[in-house]
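Engineer: Given these sequences and hints, build the entire structure.
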Amino acid sequence: MNLFFGKKQVLKNINIDFPRNQVTSLIGPSGCGKSTLLRSFNRMHDLSPDAKIDGSLKIDDLDIYSKENSVTTLRKKIGMVFQKPNPLPKSIYENLSYGLNIHRFPKNEIPDLIEKALKESYLWDEVKDELKKPAVKLSGGQQQRLCIARTVVLRPEVILMDEPCSALDPISTNKIEELILSLKQNYTIVIVTHNMQQAQRISDKVAFMYLGQLIEHDNCENIFKHPAKDLTRNYVNGHFG
Amino acid sequence: MSIKRREQADIIFRKIFQATGFITIALLAGIFIMLLYNSIAFFVEVKPIDFFTGSQWDPGSMKGDYSIAPLLVSTGLVTLGAMLITVPLGIFTAAFLSEIAHPKLKSILKPIIEMLAAIPSVAIGFLGIVLVGPWIADIFGIQNGLNAINGSILLAVMALPTIITISEDAINAVPLSHREASMALGASKWETIFKVTIPASMPGLIAAVMLGLGRVLGETMTVLMATGNAAKMPSGFLDSVRTITATIAIEMGEVPYQTTHYFALFAIAVILFLITLSINLLGEYFSNRLRRFHA
Ligand SMILES: Nc1ncnc2c1ncn2[C@@H]1O[C@H](COP(=O)(O)OP(=O)(O)O)[C@@H](O)[C@H]1O
Ligand SMILES: [Mg+2]
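Protein chains in written order, with the numbering used here: chain A, 1 to 241; chain B, 1001 to 1295.
Quick caveat, the hints were computed from the structure, so don't treat them as lab data. Backbone N, C-alpha and C fix where the C-beta goes; we use that ideal spot for every residue, glycine too. Any given hint could be a false lead.
The calculated label-pair distances, taken between Cβ atoms and stated as ranges, are [to be verified]:
#1 A:Phe5 with B:Arg1292: 35 to 41 angstroms
#2 A:Lys7 with B:Phe1194: 47 to 53 angstroms
#3 B:Phe1126 with A:Thr73: 54 to 60 angstroms
#4 A:Glu130 with B:Thr1020: 41 to 47 angstroms
#5 B:Lys1104 with A:Leu62: 34 to 40 angstroms
Structural biologist: So, in structure tokens, the structure goes:
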């Protein structure tokens, strides 16, 4: 697929697939189009009028950009976690119930679903007594785990994460990495990261992008130990010139 | 030398700003004390219970009827009607301008709305008499279109620019990341506007409504012209009414100095002042409570 902003081509002939229940990391220098690629999977570019996409994107043979599919059900299937934690200006509980109400989950199931999602996101023990508290009163790491829980509670198939740890301290980062590894049992995860160690710790597959092109896409080991392209080797070893 | 100079300038400016601050506070306090002093003089002569419970405002009668009740009900009716029209209209227009309207349309609409604020109140009152009045009389099949609903409609129009401008700023200030969070969870544009953007801008919207309310409660000329000025207890929106502001404006010019009637006008002014003050404090309280949910 290709993606243009106005006349500028940002993604060039990207062809990639993400295996179920695995973690794929997108790596590459800033501005190479990682976020743009990620945001095309849940149609976040629908919001910017000058973005144009050609090619096809599919989830389980379902065409992401086809007119028949509603973008709202698509985004329920493909959740997204942003770079900066962005809890809604509501309580902790309401941050989770928001999506459930939007998608008309039965009212009586909501409290249990919320509890389950918070437990899966390693947040339950920290917040179970203060669910009514404003979400912004949580620490940055807790907020990010809340954002993950808010996505998980909808039981998506895919979770997209755009540098979810770049605004967090090392301890919070550690927790999120653990969380990602436990979530991959049930979800397909695509994560953008600038941190090579992190990519090695958490990913099954790694995709290296450069100037809008997909340079190499392979198992994590291969990318870091025996990359096929010089460009990839230079990048993962930190010599980039 | 030059450092010393700059320090001196610092001190002088600090003194100037202190002085301006004090002058403002002194002015406010002076106004309030003057109002209070004169209304105490009134309550020495007329029992507060008669003032609040009676049903007649007729200072010219033999025994002198000084009841604020009909004026208060009049002010309440006109204000309630105006706010019921202007708040939803203003906030939805603001949401439309900020979230939906094409930039081109917005650049045409905004100056027009701001221009609305520049129309003098006497011109709006005039429209009330020659346009809105006959139109109301026609629709409801009544003799006289100069009544509470007429005032409500005009005041709603007058408060709109304030409410729209400030609400739009508040809605615009909601970070894009909130909208993205909502959209990424599968909310539609409408759900995002109604469940995230508008609630997130609520503290600002409350401020907009408070300013609009201040405008409505304090407006004098328009209501004086368009509401019929009947100082008796109204029974509905189609009755002629007389607000507190109109009463003061009409009677202050003719009342003999330092009579009961003169003091009575101060007393009703104090009540109006206290109403505006308490509504503003209430608004402030709620908007602070909501702000807890923001970063
Ligand atoms: N809305 C947009 N309009 C125009 N250009 C954009 C837009 N978003 C991103 N770009 C451009 O696309 C390129 C890729 O950006 P991005 O995907 O954010 O890179 P990365 O996440 O890899 O750092 C950049 O050159 C950026 O300037
Ligand atoms: Mg990015």
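Engineer: Could you run down the list of hints and mark each one as holding or not?
Structural biologist: Here is what the structure says about each hint:
The beta-carbon spacing between Phe5 (chain A) and Arg1292 (chain B), approximately 38 angstroms, falls within the hinted interval of 35 to 41 angstroms. Distance hint for Lys7 (chain A) and Phe1194 (chain B): a CB-CB separation of about 36 angstroms, inconsistent with the stated range 47 to 53 angstroms. At about 56 angstroms, the CB distance of Phe1126 (chain B) to Thr73 (chain A) agrees with the hint of 54 to 60 angstroms. Evaluation of the 41 to 47 angstroms hint for Glu130 (chain A) and Thr1020 (chain B) yields a pass: the beta carbon distance comes to about 45 angstroms.
The beta-carbon spacing between Lys1104 (chain B) and Leu62 (chain A), approximately 37 angstroms, falls within the hinted interval of 34 to 40 angstroms.
Hint check: a violation occurs at hint 2 only; the rest are consistent with the structure.
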